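*Asks:* Protein chains in written order, with the working numbering: chain A, 2 to 425; chain B, 384 to 454.
It should be emphasised that the hints constitute simulated quantities derived from the structure, not laboratory data. Quick caveat: nothing in here was measured; it's all calculated off a predicted structure. No residue lacks a Cβ here, since even glycine has one placed at the ideal position from N, Cα and C. Warning: the hint list may mix true and false statements.
[Claimed, not checked] Partial list, computed: chain B residues near chain A (C-beta under 8 Å): (1) D396; (2) W397; (3) A399; (4) C400; (5) S415; (6) D417; (7) W419; (8) F421; (9) A425.
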Amino acid sequence: MTILFDEHVQTEGIARGALMGPSSASQRELHTHLLAHGAVPSLDARAVVRLAADSGLTGHGGAGFPLHRKLEAVIAARGRAIVVGNGAEGEPASAKDRWLLTRRPHLVLDGLQLVARATNATDAYLYVNHRLPITTLDDVLAERRRAGLDPVPVTTVAAPDAFISGEETAVVSNLSGGTGLPRFKSVRVTERGVRGRPTLVSNVETLALLALIARRGAEWFRAAGTVEAPGTMLLTVGGAVRAPGIVEAGHGTPLADVLALAGGPSTRLQAVLLGGYHGTWLTTDEVVSAKLSRSDLAPLGASPGAGVMVALGAGTCGLVEMSRVMSYLAQESAGQCGPCLNGLPRIANQLKSVAFRGGDQHAVGEMRRLAGLVVGRGACHHPDGSMRFLSSGLRVFAAEVELHHAGSCSRTSGDVVLPTAVTR
Amino acid sequence: MKTPTARPRLVVDWTACDGRGLCAELLPELVSRDEWGFPLIADPTVPASLRDHAERAIAACPRLALRLTTA
């Protein structure tokens, strides 16, 4: 397996605060970056698009859309383009974008210039998680400007502290001077985005990968991963593993091997959450046979998403964990769309009653009914993603539901596994 | 991909919809309401016979939240 970001697997202890601290592994300094990777070769617009297409690079923000098709859509649209490096990372269980912006900011910014060149953009934004010190990134940008690396000027903008802040239309709204909430999409942002201009919004990891592909070529990228899903991805692995943190794994890697990269299970596991709070719960049996790729995971209703993986050990209660996250997701509804605004709190309350008071026999049926009223009825993905989390959890923790109905619970420790606010 | 024969479909801008319910009143063949008053559309494709009614419901929406699309 080829590793894209370093010679060896990166494992950073988020819990130990390594994410923000200085480290010899950091390539924040321009000269360290250039020593490690060299300069970006000069490529014309067409060459960048071709590299994106030949490498098979897809988006790492969760949706997995091919980068070259986004580029082509922006190029084909009328008007001067705008490019956005999306590092909002509103998901509390994810830290890989913050890791990149802290440890490999130059790769991200190289990639941002490459997509700017490809789309002939006149403006570029770096949209940054609200917990990152934006002045540090401004210093990085100032150094690059002095070195003449950024022909297209880059503006840093802090994303609001919200789960859905990285949603494409929410990003566009914020950068257009709006509310920063998701919008109803009648026209794609690639056609009409920031201030009405064609806009490319791309996750910061995607940009960092493009910066490496520009140096080493599409074939080099394809040496990792699988034929249909080339390359690697960063994952934030947490919960019951010995070394929680950021790991890098090739697409198609068995999920068990991903857990092993994070030190392996620290206790007997009962379930794994894949893809974050809009993701899917999997049983340990499913984890044993599943691989980290869209096509492998599709039959399980799962996807690698933005690379969040949380292992739930024995001694914790899936329903208690789910309940806290559902309440959080309900709070994080932007409140714009009726079914989401009304439905998520009702579901969260039902789940709370089962998790903490045993619930009644109708509670699960009621949650499923309400889920049916919520799915597909919002401007953004929040209701659908939240219901994927709910439905898969109700399936995986069906035995725990029965236990709760009978007045019991398998929780033996008070540990909180799934964070609902970022702790580092 | 869209085909030339693609039938028009009802689309709700959920950020605009307030659940006033005029659409369900004017187009009960396609639109009902959920327990909070928001439109429930089981099948969004609009048959030719209901096209005029759909246009009326769209025009009547005080929030301009109902649209017709062929995309």
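*Asks:* For which of the previously enumerated hints does the structure constitute a violation, in increasing order of number?
*Replies:* Going through the list in order, the structure violates hints 5 and 9 and respects the others.
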